[in-house]
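For chain A, the structure is supplied; the task is to place chain B on it using the hints.
There are 2 protein chains.
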Amino acid sequence: MNRTPSRIVLAVATCATLVTGAAQAQLKPEDEIRYRQSVMNVMGRAMGPMGAMAQGKAPFNAALAQKNAGLVDSLIALPFSSYGPGTDKGAPTKADPKIWSDAPGFKQASEVAQKAAAQLLAASKAGDEAKFKAAFGEIGKACKSCHDNFRTKEFRN
Amino acid sequence: MNRTPSRIVLAVATCATLVTGAAQAQLKPEDEIRYRQSVMNVMGRAMGPMGAMAQGKAPFNAALAQKNAGLVDSLIALPFSSYGPGTDKGAPTKADPKIWSDAPGFKQASEVAQKAAAQLLAASKAGDEAKFKAAFGEIGKACKSCHDNFRTKEFRN
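Chains as they are written, first to last, in the working numbering: chain A, 1 to 157; chain B, 1001 to 1157.
Just chain A, same shape as in the assembly:
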């Protein structure tokens, strides 16, 4: 295929129509809320097979652990830049107002989760089942702590 500059520009422009993101100066609150929820959804699914292994419901599979721990590690920091001013409402969300009233506490919780994800990935790369299970327990606690403190039980607008 003859790839002319105009073709490249067309392809780039087409992809840009998908983009709700960082290249735009102003992100709408509903886009930030949807993005946070999207990342959490993808991470939640990656936790599934790791949870089964950690609970002994599935045999430990180092490659599967590493793949999913890698995904979680790549994703876990992403939502935390999408809780900017004004993103506490605009679409149904479970983000607790404490996220904004206790910004230092939320930042600390996010850092605990990010550290736990890095440790889970390290344990998965080492292929060490006992370390993996311990690290999964730690990230589970980080999830629970952040959700207990900074997530409401029901959606609100």
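FYI, nobody ran anything at the bench for these hints, they're computed from the structure.
Mixed in with the good hints there might be a few duds.
Said to hold, decoys possible - Straight line, CA to CA, 30 Å or less: simulated DSSO-like cross-link-like pairs of lysine-lysine: (1) B:Lys1089 x A:Lys28; (2) A:Lys89 x B:Lys1125; (3) B:Lys1115 x B:Lys1057; (4) A:Lys107 x B:Lys1067; (5) A:Lys89 x A:Lys107; (6) A:Lys153 x B:Lys1115; (7) A:Lys89 x A:Lys144; (8) B:Lys1028 x A:Lys57; (9) B:Lys1144 x A:Lys67; (10) A:Lys67 x B:Lys1057; (11) A:Lys125 x B:Lys1125; (12) B:Lys1094 x A:Lys89.
To be verified - Okay, the calculated bits of chain B under chain A, using three or more residues with CB under 8 Å as the criterion: (13) 1030-1037; (14) 1060-1074.
Ideal Cβ placement from N, Cα and C applies to all residues, glycine included.
Same frame as chain A, now just chain B:
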């Protein structure tokens, strides 16, 4: 903190409440649709800063390119296992019925996209701006082609 087995089990069980995913034998169509859309949303945002660099609207930054290309490469295969039988409806979706009536065509399109993502990551890792721009053009074409052929313009239930 005293980490007893029961604490670990609690943390794992808590995390499992987040999980909509692969550990469950039966996934609801609406969960599959939401998951596909979540992955696309996260990928779309990762495309943003790369699109700006590819279009010359931002200076080339190899680290930024690598981070975002890595995300896209990690994510791009994920949606394609969530178009199983019965997931053509159940929640608002733009998934075109051709996904199911032309499964080989859809599979081929998914493989083109996955290959393009791998090449974009390789170009980003090489830190080569010209290769990055060419590879971004290729993945842009892969996005466009798949969306033109397998995505409807409007949501449908």
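key: Violating hint indices (sorted, rising)   = 2, 6, 10
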